[in-house]
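First residue of the sequence shown: 1, per the numbering used here; consecutive thereafter.
One should not assume that every hint holds.
What the hints assert, rightly or not - Listed next, with one range per pair, are the computed distances between beta-carbon atoms: (1) E18 / R44: 40 to 46 angstroms; (2) Y150 / E18: 17 to 23 angstroms; (3) D242 / Y202: 35 to 41 angstroms; (4) V68 / L165: 38 to 44 angstroms; (5) N164 / R8: 16 to 22 angstroms; (6) E23 / K222: 40 to 46 angstroms; (7) Q42 / T152: 20 to 26 angstroms; (8) D192 / Q72: 28 to 34 angstroms; (9) K142 / E23: 21 to 27 angstroms; (10) D64 / Q104: 17 to 23 angstroms; (11) D64 / F5: 25 to 31 angstroms.
As the list claims (entries may be wrong) - Straight-line Cα separation of at most 27 angstroms, DSS-like style, residue types lysine-lysine; simulated pairs: (12) K19 / K92; (13) K222 / K39; (14) K201 / K39.
Treat the hints as calculated values from the structure; they're not laboratory data.
Ideal placement from N, C-alpha and C gives every residue a C-beta, glycine not left out.
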Amino acid sequence: MSQEFLSRILEQKACEVEKMEREELQSLRQTYRLSEHLKNHQDRLQIIAEVKKASPSLGDINLDVDIVQQAQTYEANGAVMISVLTDEVFFKGHLEYLREISSQVNIPTLNKDFIIDEKQIIRARNAGATVILLIVAALSEKRLKELYDYATELGMEVLVETHNLAELEVAHRLGAQIIGVNNRNLTTFEVDLQTSVDLAKYFKDDCFYISESAIFTEEDAKRVAPYFNGILVGTALMQAEDVAQRIKELQIDKG
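Please take these sequences and the hints and turn them into a complete structure.
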């Protein structure tokens, strides 16, 4: 997504947040912590499996999917977490999808959205998410820290998404435990797995890293497996004829 397009999304989010009620805080859904699971399962590339019906770059991906059945298939085949798109305008997602899926699976769920305000974090937690996404490119470093600290104080975990070295350094300064590298160039919109490979040389030993976007085949997964704890996969699973088989292909044994 281009910077211009990201700006459009953030303008839309600002409008949504302005109208959003601040919900009463409900109890955190009980499941394992993603960071602990990644720490204890480093022998295999872990799969964060995404439920998304559409995207701005591809248009409609799978509008007729039974989202709960899809999520349960992910869980049954070893996904470490389920990412749920909740943006309505650009990704045809919905907060109710997160609520439905979280109530029907036992593994962590990630609220995949453009989070710019504490109200969104409360809403995500109340809908069953135990992990949220914060995108470095979408926030000032000060605001990123405020939202990160707020989420962690609520007992949630945060996947901090980066696209380049400057953003990776921001994530490291933040003290982020789980860091994503999105292989989509924000200027050209193109995806390139080389982004993950190139940034891996700057990784720290005490963080967990997730490669996001552009992972479709076993070969793609093998390319990033030496450097990453996990991969976030959406389109490849939403379009797969045999979801279980596709997950198995992507779970690269790291010995």
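Go through the numbered hints given earlier and state which of them the structure violates, listing their numbers in rising order.
-> none
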